[in-house]
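Undergrad: Next come the chains, spelled out residue by residue.
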Amino acid sequence: MKYMLLIYSEENAWTESEREDCYAESVQLTHQLQANGQYLGAAPLQPVATATSVRIRNGKRLVTDGPFAETREQLGGYFLINARDLNEAINIAGRLPTAHKGTIEIRPIIELEEQAYAG
Amino acid sequence: MNENTINQMQEQVDVVYRSESRRIFATLIRLLGDFDLAEEAMHEAFAAAVVQWSRDGLPANPRTWLVSVGRFKAIDTIRHRARFDVSLAELFQGLDVSDAAIKDDEDVEDDRLRLIFTCCHPALSPEAQVALTLREVCGLTTEEIASAFLIAVPTLAQRIVRAKTKIRNAGIPYQVPSKADLPERLDNVLQVIYLVFNEGYAASSGDSLTRADLSSEAIRLGRLLMELLPDPEVIGLLALMLLQESRRTARTTPTGDLILLEDQDRSLWNPDQIAEGNALVQQVLASRRFGIYTIQAAIASIHTAASSPATTAWTQIVAWYNVLLQINPSPVIELNRAIAIAMRDGPVAGLQLVDAILVRGDLADYHLAHAARADLCRRLDRIPEARDAYQRAIVLVKQEPERRFIERRLDELG
Numbered sequence: 110m111k112y113m114l115l116i117y118s119e120e121n122a123w124t125e126s127e128r129e130d131c132y133a134e135s136v137q138l139t140h141q142l143q144a145n146g147q148y149l150g151a152a153p154l155q156p157v158a159t160a161t162s163v164r165i166r167n168g169k170r171l172v173t174d175g176p177f178a179e180t181r182e183q184l185g186g187y188f189l190i191n192a193r194d195l196n197e198a199i200n201i202a203g204r205l206p207t208a209h210k211g212t213i214e215i216r217p218i219i220e221l222e223e224q225a226y227a228g
Numbered sequence: 009m010n011e012n013t014i015n016q017m018q019e020q021v022d023v024v025y026r027s028e029s030r031r032i033f034a035t036l037i038r039l040l041g042d043f044d045l046a047e048e049a050m051h052e053a054f055a056a057a058v059v060q061w062s063r064d065g066l067p068a069n070p071r072t073w074l075v076s077v078g079r080f081k082a083i084d085t086i087r088h089r090a091r092f093d094v095s096l097a098e099l100f101q102g103l104d105v106s107d108a109a110i111k112d113d114e115d116v117e118d119d120r121l122r123l124i125f126t127c128c129h130p131a132l133s134p135e136a137q138v139a140l141t142l143r144e145v146c147g148l149t150t151e152e153i154a155s156a157f158l159i160a161v162p163t164l165a166q167r168i169v170r171a172k173t174k175i176r177n178a179g180i181p182y183q184v185p186s187k188a189d190l191p192e193r194l195d196n197v198l199q200v201i202y203l204v205f206n207e208g209y210a211a212s213s214g215d216s217l218t219r220a221d222l223s224s225e226a227i228r229l230g231r232l233l234m235e236l237l238p239d240p241e242v243i244g245l246l247a248l249m250l251l252q253e254s255r256r257t258a259r260t261t262p263t264g265d266l267i268l269l270e271d272q273d274r275s276l277w278n279p280d281q282i283a284e285g286n287a288l289v290q291q292v293l294a295s296r297r298f299g300i301y302t303i304q305a306a307i308a309s310i311h312t313a314a315s316s317p318a319t320t321a322w323t324q325i326v327a328w329y330n331v332l333l334q335i336n337p338s339p340v341i342e343l344n345r346a347i348a349i350a351m352r353d354g355p356v357a358g359l360q361l362v363d364a365i366l367v368r369g370d371l372a373d374y375h376l377a378h379a380a381r382a383d384l385c386r387r388l389d390r391i392p393e394a395r396d397a398y399q400r401a402i403v404l405v406k407q408e409p410e411r412r413f414i415e416r417r418l419d420e421l422g
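Protein sequence lines correspond, in order, to chains A and B.
Residue numbers 110 to 228, in our numbering, belong to the letters of the first sequence in order.
Residue numbers 9 to 422, in our numbering, belong to the letters of the second sequence in order.
Just chain B, with the same shape it has in the complex (with noise of 0.2 Å):
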């Protein structure tokens, strides 16, 4: 055996790291009962399997080859530790040691929907189920998420050790939830993938208006959910994410510069992702069971369909706006609402609305509430005004592109 044959294989392992170890992770996790020791089995076994491989050859199933020896190896340490560690003798005992605990394919796909579940649970922090999903489900690592979040490595690293330490202290099993639990359940597990894309797409702070890794690793879970459990919300919200995907293009200036949806060249809108969001849309709305982002997806796809905003659907928009608020009253939805009416009838209506919001004083330190107000303003040459409520929001925006957006709004005010 030459160094030769051993770089190949490394190459060939490699490959097989790529598609195959996060399902054999989730494996791992169920068969261990254990994030650590899963982690550190798999990392064993793919070790193994660039030594054994290079002799023996590409076993016929490489996955279940590497499950099944990182399953000894764990065994192998949990034996030796648990003569000095009395809980690691308990965990050793409740394992199942026989070769029938690795099941067939469907239960491998199981062991994915069991460990998203696991990762978003709401008994964990959000901030730690985000941490957590991107960490254990994707396959980043720490330091990849916690450049993305803008934080310090351990303030990063310290939280998925909480967050692991709860799971297991706490007793938060490694299951898909019951029948019963799954919708509230499933509704969690897709906020914390629509926060990951917009932590992508509308980054809530910092210098760079879009850190697209998180919006196409965002992107990459919803397909996975999607494969796992064809629910039309879960079908609703990658058709909402590929739909906004679309526009990334097309709503920044080379120099990193906010371009709002009606200033932006609609030939930079990618055609794929609008043409795959549009037609799962409309699967969705076929079966006529859909919630907040299917409705959500509904809108993006109508504005797809438009070659201007002034040859946009507005009716229809409202109309769905409307079927939104019914169902999730928000207002950061009415605020929406407000806009498209304006589009449709006119700033003055507009205005009429987004004054009544911000009234009751729920959106008084939400910076596009301003915004919004201000630019209605403008159209309708309200100038002082116009001008006072940009300067309110300049004071609230948090993110930097925005903020050069809304002063620059300003400065044409002349």
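Looking at chain A on its own, in the form it has when it is part of the complex (with noise of 0.2 Å):
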């Protein structure tokens, strides 16, 4: 399966050192995941601050400021990931650095079938 670890912690909590402490450690994983063939994709976001949402409500298209919830933890950054399962995946979580500062979400991701939405 294939799953998506959202990454959830205070952006004003890090220091530039632990930040790139964390970007080190991040790369060094992404290594060992692409060896196994687990690894599909990974990278940090910019802060929220320079986040935009977009929604469209009675056919018009509103944009604002700003991320979706505002909450004391932001979305910082994901890793798109190959697993046998759950317990897999939750294994991987366990090793991202920064599952000690924040909290990792997993969600499953729904693979679409191609030809299903090609034509």
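One or more of the hints may lead you astray.
Pairs of lysine-lysine, BS3-like flavour, derived with a Cα cap of 27 Å [as the list claims (entries may be wrong)]:
| hint | chain 1 | residue 1 | chain 2 | residue 2 |
| --- | --- | --- | --- | --- |
| 1 | B | K172 | B | K81 |
| 2 | B | K174 | B | K187 |
| 3 | A | K111 | A | K210 |
| 4 | A | K111 | B | K172 |
| 5 | B | K81 | B | K174 |
| 6 | B | K187 | B | K172 |
| 7 | B | K187 | A | K111 |
| 8 | A | K111 | B | K174 |
Simulated DEER-style distance windows between Cβ atoms [said to hold, decoys possible]:
| hint | chain 1 | residue 1 | chain 2 | residue 2 | range |
| --- | --- | --- | --- | --- | --- |
| 9 | A | T159 | B | L158 | 46 to 52 Å |
| 10 | B | S133 | A | P153 | 28 to 34 Å |
| 11 | B | A327 | A | A158 | 52 to 58 Å |
| 12 | A | A152 | B | A165 | 28 to 34 Å |
| 13 | B | S27 | A | F177 | 50 to 56 Å |
| 14 | A | L149 | B | A294 | 47 to 53 Å |
| 15 | B | S315 | A | T212 | 48 to 54 Å |
| 16 | B | P162 | A | L149 | 37 to 43 Å |
| 17 | B | L158 | A | L149 | 44 to 50 Å |
Treat the hints as calculated values from the structure; they're not laboratory data.
Positions of the beta carbon are idealized from the N, C-alpha and C atoms, including for glycine.
Each of the two chains sits in its own frame; use the hints to bring them together as a complex.
TA: Take a look at the structure:
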């Protein structure tokens, strides 16, 4: 199965050197996952201040500044992984450096079949 | 084949159902990869058994027969439905349709463990874990579970449907956890079992103090788990439940009022449960690998050895609470330790500790903390303080018999 690991933490709770360590550790982890065939993608996100939300209501597109939900912890990055099952996904989530400071939300990916949506 | 033969066979099949249905169900989930399909297949297999066994007699191994027939019936169903449903077609492709998939007894016991660990998976809400365990592992009906927990049947049914959906869609695997994950996952299973026990022993709300059925289910679960996975803490939890259960008849009056440990008629304590519980405690303590459940069982075991509160080995009990606090710091355990110290050193020492806990605010909303303070003040003749604390406890208490008990104590103050 494919799982999205969403990384939530308080943006301002990180010092610059902590952030650099976190990036370095995360890059290491991506190499390990890649070697195991479990890596699909990963990236840190720019701070939530750069977020823009889009929704369409009554046929009209509304664009607003800010994230979908204002919370103490923000979505700061993601890993897209291949895992046999939820237990394996939980184990990988536990290896993310941010798990010590923030929270990792695991979401199974719905795999859409290309042909069903191509035409 | 007359009606009589069928009726007789129905009785025999019922006996097999009672002793084997949970094992068969657990194996069918592994083979079919789906809770609902497995349940449907199992019921079809039992229905088929009545007819075929009446004609051909009981098979040599009824369980294997039922698993095999259930599986074939499910495969037929899936094959039929798969023509209309893409996801079922995928499921069908993943199935091992050979007979080799049905394995020997050891694997069947593994299936039961798989079922327990899946129902108690921490990715499910605690309420869902409890409901699913009682339904799928213990075989209780949705109606029985709803009534035991005083919730509406549709609410509980929905909880179970949601849990099964999450198992399917989030990819919660049907497996015994890896060695690295086992301690954490086992803790979770023990928590679920103890939650079920406590709901039956000291229901958190409602009119009746105990719901004996839930406690005996929890003890049955504890026995099953000990048989499948004899970890020290599994044995410790079973011992703890047996020792607490041994006091069931002594802890309430015939009208359902609460009787404290110190006032209980100890001749009413169940000697068989005490003997079994004590033997298990000794066994685990000798292994020197034990945790919070074994320690609580050891404390309960010390109570059973004494003929009265005055002759209870409070020093030993306090020592165990010290160990317990070290591995599992918790304000409720601190409160229990304070009460044990009051028994050992007198109410002044106990009250100091209880007040220190209350000042911190951790247990400000816990009725038993205020009831404990009230009782210690009462013993020190500090009546107005005792009255205040009992009144605070009454505001917070949720359970009817406990409320009556505290009100009685308050009345006795005059």
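Undergrad: If a hint holds in the structure, say so; if it doesn't, say that too.
TA: Do the hints match the structure? See the list:
1. A threshold of 27 Å between alpha carbons decides the hint, and for K172 (chain B) with K81 (chain B) the separation of about 21 Å falls inside it, so the pair holds.
2. The hinted pair formed by K174 (chain B) and K187 (chain B) meets the criterion: a straight-line CA distance of about 24 Å does not exceed 27 Å.
3. Taking the CA atoms of K111 (chain A) and K210 (chain A), the gap is about 24 Å. The hint holds against a cut of 27 Å.
4. Restraint check: the Cα-Cα separation between K111 (chain A) and K172 (chain B) comes to about 19 Å, which is no more than 27 Å; the hinted pair holds.
5. For the given pair, K81 (chain B) sits about 25 Å from K174 (chain B) by alpha-carbon distance, which is consistent with the 27 Å threshold.
6. The hinted pair formed by K187 (chain B) and K172 (chain B) meets the criterion: a straight-line CA distance of about 25 Å does not exceed 27 Å.
7. Of the supplied pair hints, the one linking K187 (chain B) and K111 (chain A) holds, its CA atoms being roughly 24 Å apart against a limit of 27 Å.
8. Restraint check for K111 (chain A) and K174 (chain B): satisfied, since their Cα atoms lie roughly 15 Å apart, inside the 27 Å limit.
9. At about 50 Å, the CB distance of T159 (chain A) to L158 (chain B) agrees with the hint of 46 to 52 Å.
10. Checking the proposed 28 to 34 Å range against S133 (chain B) and P153 (chain A) shows it holds: the Cβ atoms sit about 31 Å from each other.
11. Against the hinted window of 52 to 58 Å, the Cβ-Cβ separation of A327 (chain B) and A158 (chain A) comes to about 56 Å, which satisfies the hint.
12. Evaluation of the 28 to 34 Å hint for A152 (chain A) and A165 (chain B) yields a failure: the beta carbon distance comes to about 42 Å.
13. A hinted range of 50 to 56 Å holds for the C-beta pair S27 (chain B) and F177 (chain A), which are about 53 Å apart.
14. In this structure the hint that L149 (chain A) and A294 (chain B) lie 47 to 53 Å apart at CB holds, the actual value being about 51 Å.
15. Separated by about 53 Å at the C-beta atoms, S315 (chain B) and T212 (chain A) satisfy the suggested range of 48 to 54 Å.
16. One distance hint, 37 to 43 Å for the beta-carbon pair P162 (chain B) and L149 (chain A), holds here, with the actual separation near 40 Å.
17. Between L158 (chain B) and L149 (chain A) the beta carbons are some 46 Å apart, a value that agrees with the proposed interval 44 to 50 Å.
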